[in-house]
Each structure stands twice: as C-alpha cells, then as structure tokens.
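A.B. asks: Quick note, the sequences are listed as chains Z and V, same order.
So the first sequence is numbered by this note's numbering: it starts at 3 and just counts up by one.
So the second sequence is numbered by this note's numbering: it starts at 3 and just counts up by one.
To be clear, the hints were calculated from the coordinates, so they are not data collected in a lab.
Keep in mind that a hint or two might mislead.
Stated by the list, open to error - Keeping only pairs whose Cα atoms sit at most 20 Å apart, straight-line, the calculated SDA-like set for lysine to any residue is:
#	chain 1	residue 1	chain 2	residue 2
1	V	K119	Z	N15
2	Z	K272	Z	G231
3	V	K298	Z	N15
4	V	K298	Z	E217
5	V	K295	Z	K272
6	V	K11	V	A50
7	V	K112	Z	P259
8	V	K281	Z	P259
9	V	K307	Z	P259
10	V	K298	Z	V218
11	V	K112	Z	N15
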Amino acid sequence: MKNHITNRKANSNIYLPLNGKIEEIKELTNDVRLLKIRTESAIDYKPGQFFMISVWGAGEVPISATSLYKGNTTIELCIRKTGIVTTAIHSLEVGQSIGIRGPFGNGFPLDIPRGKDVIIVAGGIGIAPLRPIIKYLINNKYELGRVTLLYGSRTPDEIIFKDETEQWKESGISVILTVDKGNDSYSGNVGFVTNLWHTVRADFKNAIAYICGPEVMIKAAMRDLFFFGMSDEKIITTLEAHMKCGVGKCGHCYTGPKYICTDGPVFSYKQIKEQSILM
Amino acid sequence: MKEEFILNKNHLSYWLRQIRKNRELIGPMINGGNDIVFKSVEKIHEIALNCTASLPSPKEFLFPQYEPMLKMHHPSSINRQEIIDLSDKTKRVIFGVRSCDISALALLDKFYLEGYKDPYYSERRKNTIFISIVCNNPDPTCFCIGLKTGPYLENGFDIQITDLGDRYFLQADSQEGKKAVRSMSFLFSRPKKADYEDQYEVFLSSKARFHKRINLEGIRQIILSGKIRDDFWQHVSERCFECGGCVYECPLCTCFTVIDRQYSGSTERIRLWDTCMFKGFTRMTGGVLPNEKMVKRTKRWYYHKLIYYPETLGSFGCVGCGRCTITCPGKIDMASTAAKLKSLAIIDGEL
Numbered sequence: 003m004k005n006h007i008t009n010r011k012a013n014s015n016i017y018l019p020l021n022g023k024i025e026e027i028k029e030l031t032n033d034v035r036l037l038k039i040r041t042e043s044a045i046d047y048k049p050g051q052f053f054m055i056s057v058w059g060a061g062e063v064p065i066s067a068t069s070l071y072k073g074n075t076t077i078e079l080c081i082r083k084t085g086i087v088t089t090a091i092h093s094l095e096v097g098q099s100i101g102i103r104g105p106f107g108n109g110f111p112l113d114i115p116r117g118k119d120v121i122i123v124a125g126g127i128g129i130a131p132l133r134p135i136i137k138y139l140i141n142n143k144y145e146l147g148r149v150t151l152l153y154g155s156r157t158p159d160e161i162i163f164k165d166e167t168e169q170w171k172e173s174g175i176s177v178i179l180t181v182d183k184g185n186d187s188y189s190g191n192v193g194f195v196t197n198l199w200h201t202v203r204a205d206f207k208n209a210i211a212y213i214c215g216p217e218v219m220i221k222a223a224m225r226d227l228f229f230f231g232m233s234d235e236k237i238i239t240t241l242e243a244h245m246k247c248g249v250g251k252c253g254h255c256y257t258g259p260k261y262i263c264t265d266g267p268v269f270s271y272k273q274i275k276e277q278s279i280l281m
Numbered sequence: 003m004k005e006e007f008i009l010n011k012n013h014l015s016y017w018l019r020q021i022r023k024n025r026e027l028i029g030p031m032i033n034g035g036n037d038i039v040f041k042s043v044e045k046i047h048e049i050a051l052n053c054t055a056s057l058p059s060p061k062e063f064l065f066p067q068y069e070p071m072l073k074m075h076h077p078s079s080i081n082r083q084e085i086i087d088l089s090d091k092t093k094r095v096i097f098g099v100r101s102c103d104i105s106a107l108a109l110l111d112k113f114y115l116e117g118y119k120d121p122y123y124s125e126r127r128k129n130t131i132f133i134s135i136v137c138n139n140p141d142p143t144c145f146c147i148g149l150k151t152g153p154y155l156e157n158g159f160d161i162q163i164t165d166l167g168d169r170y171f172l173q174a175d176s177q178e179g180k181k182a183v184r185s186m187s188f189l190f191s192r193p194k195k196a197d198y199e200d201q202y203e204v205f206l207s208s209k210a211r212f213h214k215r216i217n218l219e220g221i222r223q224i225i226l227s228g229k230i231r232d233d234f235w236q237h238v239s240e241r242c243f244e245c246g247g248c249v250y251e252c253p254l255c256t257c258f259t260v261i262d263r264q265y266s267g268s269t270e271r272i273r274l275w276d277t278c279m280f281k282g283f284t285r286m287t288g289g290v291l292p293n294e295k296m297v298k299r300t301k302r303w304y305y306h307k308l309i310y311y312p313e314t315l316g317s318f319g320c321v322g323c324g325r326c327t328i329t330c331p332g333k334i335d336m337a338s339t340a341a342k343l344k345s346l347a348i349i350d351g352e353l
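If we strip away everything but chain Z, and leave its shape as in the complex, we get (with noise of 0.2 Å):
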C-alpha cells in the first residue's frame, strides 16, 4: 500500500478530523456549491487526492480538492448535493465548522514532458478534481503543447465552473462544451464527449489524458483513447467510492484486489485493465 501521511504530528488518530472553517460559499448550480474552507494550518495536498470532510450528526463523505495548493490554509472544495452528508454540508453556512481529514490517496501524476499534448475529459461533477489540473496547466502553459478540455454536462444549466471555462478559454485552452439535453436558450453542442473527438487537435499517440466523470464515460473515453492510439499508462482517470475511512480499513472502496482510497483513486487504464479494477 502507498502511504500518503501528512500532518502526522498534528493528528495521530487517523479518523480524528481537523477543524475547519468556511470562508466563502458560491452557489455553481441549483445543487452544487462551492466551498472555500480555512484550515488551522496549512494542509499540503495534490490534485486528485481526496478529504473526508464531516458534518456533526450526518457522517463523512469523501470529496476531491478542487483548488491547486498555493502553500497557505485554505482548501476549496466543490460538493453536490445528493446524500445525508452532503445535503448537510449544503446547509451550512458562512462562519460555520466543519470537519476535514486528509488528504488521502495517490494524486494525479503532473510530470507532464515538455510539448506535450493534453486532452481532458470531464462529466457533469467530475470536472472538480480536474480543476487543479487545469489551473496547474495554464500555469505551466509554455511548456506544454496543445491543451484541450472535453466537458459534458446533462443541461446548460448543470454546467460547473461555467464563468471559469471563459478564463480558460482566454488562456489559451481549448474549451469544448457539450449538453445531453440543450434548451431554447444554449446553441452549442448537443451529445456525449465522446462524439467530439474529432474537435480535438491533438498528437493522440504522444499525448496524456485525465478522465473524471460517470463511470460509462470513463471506460468509453479510455476505450477510445486508447484505441486513438495512446499510450494506456498514459490515460489517467479517477475513479468514485464510498469511502468510509479514507484508508484501506473499511473495505468500501475495494474493487479488484486493490483499495480506491490507498492505491487510488487515481489509476491508469493499464493499471485497471491489468488489474481489473473496473470489473
């Protein structure tokens, strides 16, 4: 098992959580909201890697950084709302606690080669732990190749990040929008991200690819990818679990032989194939 540890010292029960406090709510969607929340110290912690975040009488649920680490206390985090917890942390409000533990898990690999090509494909919540990606990209923007971001999302309405995608595109990444279901008032693309691929301008067989979205998304998009031609150590995606400790103990997120929380949740589609991780 990989061992991510930080901030032993300060915390050595591993289920106890630090305190935390929010700073900012912004309201994304009708049930997503993003939370900027301020720890006591500063939390060192990579794109891709996860917190338990815990609500006082709802439980914990595990939620991916959505901010890139910029070496000081705040930590922000983008939740929908759909269960017990989450529903709780959606009533929280400005000032109030609220519990993080972490971070936990393996992070996205961003020793990207220099020139290379960069294709990211997001669906509907999954375009949150892809964020720090983003941002880390257009830091290091002249360095790399071509930047492209496939996201799906089900309505117009439903799009996260959306006065983002627009600082994005400024940027210089190509943003690549797409709805399953449009309306009277959205005129761009209608269908799955993995209809667009021929939008993409990209070096396939040369390029790097980060997926997070539903779990059909993810096998068809690395399916394709990989039939594209690129290399499957090289189609990353993060895959979603019930984790109740965050740790390899409760056996929640155990798929194949491995732990989503501890060997996760960041896998390469070599490591699922080879492994059967997504059985």
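Given chain Z, work out where chain V should sit, using these hints.
C.D. replies: Chain V only, in chain Z's frame:
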C-alpha cells in the same frame, strides 16, 4: 526466542487470579444455549477448557462489532478540544484462545497496523495479552492443519499452553507474554526431557484428530488456471442467503462502516461491522450499485481470501477455523467450496 515452562494444573487458577488483579480476564464460557462465548470471567472454574470454536471469534475484543470512536458534545461546533477520542484502553488478558485465532491475529495486525495505523485497533492490541491452548479437541469443521495455522504454533503468540494431562507445558514468545510469566516465576518450573516428549505426543495426537485436510494453495492454483467458469460462481451465489454470517464470524474479515449517532447533549461517531455480501456495501452516490449481482459479491469474497490476501498480506484470508461451515445455511462455506473446486479439477484430469 520463546521461553518454556511447566505449570502444575492446580496452580492455573491461582495464576489467572493474580493476572486478573490488573487486567480484565476474558475466557471461553458456555452460555445458556450451549454456545462457546468469550466473555469476562467472574468465576475461574467456569472457564470451558478444551472448548471448540467460539462464536464470534476473539477478534471482537480487538475489532468490536460496535465501537464508539469519537464523541462531540453539543452545542454543535467542531473544536478539537471538544472532540473526545473514545479509544478503549482497558488492559485485558484473553485466555483459552485457539491457535488458529492467534494466526488470524497476526494477519489482523498486519492489516490494521501497516500503512495507516488504525488507532483503535492499535490501542486495544497493545493492551491485550492472549493465552492460547494447543487444540486437542478439533471440531469436525476444523482444517487449520492444512494451512499451518494450528493446532500448534511455533511463534507469533503471547503465551501458548499444551495440556500434558497432569500438568501444562507453557511457552511464552512475545515480550508481554514473558513478562506475565516472570512476574509469577515461583509457579513455574523448567521443562525436562520427559516433558518435551509428552508435548510432542500431544502434538501428534491433535494432528491425527483432524477430519479435513484442505490444501488451499491447490485451490488457489485451480482458480488462477482460469478453468473455473462464471457459472460455477453463479451456482455458489444462488445458495447464498446474504446473511453476512461468513463475514461476521470470520476472524480475518475486517470490513466496517462508520455512522454518527445523536444523543441528547452529544453526538458519537461509531464504527460497526459491515459485510461485502450485502448489496448496499459498495453503494455509491446516486444509488449506483457496482456489486448489485450476488454472483459478483460471492466470487469477490473467494478471490479476496484466496487470491488477493496472499498477494497483499502474504497469507490466505482463511485460518481454517471452520466457523463459516458452522454458520453458513447454504453450505457454500470455504471448506465446501474448496471441495467442489477440487472435484471439478479432478474431473478435468488435473489435481
């Protein structure tokens, strides 16, 4: 380096009474329904020596079915000073454990203490001494002998006792075990040649009493050969009641869930045993059920114990205690399934 001693049978209860002065003494007792249950001992003569399998396994003293983890007093606000860690620091001695359960303990230690260290298991573990008895009365369901997880252990125990008839041959392996013996050294004497000979006789005698000799390494090879089709696992899963008994009774199963419970004035975070046999075990956001089909869960249990356990922890996820045989109403326990797999392999002309 283990130390070896002889203890007069008449002195056992005195020794246990002295140990009990600063530790809770837990031992196998026969309850109202004639089950063997480990619980706190009040009268030492009630301990059931030569007992068969207890249900549940002694695992529950290190990994309880219900374990409070953290407590927070209201009013609702998180401040680390207000969150109480509910680690159980009780000093215990668990007497009369079987060798296979001690073998299971070694794997639990590996699982819970390596990588991230589980603080609740760790706290209980360092405060508990196990005194195991070399098994000379195996159940018909037992098969530890094929797995080298019993009936006699060479190492990895605290204190191991062999019943020589009129006296006990006692071995202490861990530091805690040695300390427990040295503190009462006047009760013990050094073994002589005749004692070693009698001990070896008991060892041979207990080996001869086992009904089942199951070679799990052979079963693992059969599974890895790829010749077992999914309809075998389908057949196995059709007999599954989804009771979770195999998981709950297994000394090596480690799955749990975590919930919050509200009381007037406080909230407690609790962990409870869970079982991968339940449909909702891997339920995800939006109600997605990755392992909805029973055949997936059943197959995964066997793969986990026979394929992945050796890969990650170095031993099978089975110590041959036979509890899943006792528990399973569908007769698809480890021993039965292994026998079916073996017979399938023989039919194919392999062994």
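A.B. asks: Run every hint past the structure and note whether it holds.
C.D. replies: Now for the hints, and whether the structure bears them out:
no. : hint            : verdict
1   : V:K119 - Z:N15  : holds, 9 Å
2   : Z:K272 - Z:G231 : holds, 13 Å
3   : V:K298 - Z:N15  : violated, 34 Å
4   : V:K298 - Z:E217 : holds, 18 Å
5   : V:K295 - Z:K272 : violated, 26 Å
6   : V:K11 - V:A50   : holds, 15 Å
7   : V:K112 - Z:P259 : holds, 17 Å
8   : V:K281 - Z:P259 : holds, 19 Å
9   : V:K307 - Z:P259 : holds, 10 Å
10  : V:K298 - Z:V218 : holds, 18 Å
11  : V:K112 - Z:N15  : holds, 18 Å
Comparing the model with each earlier hint shows violations of hints 3, 5; every other hint is respected.
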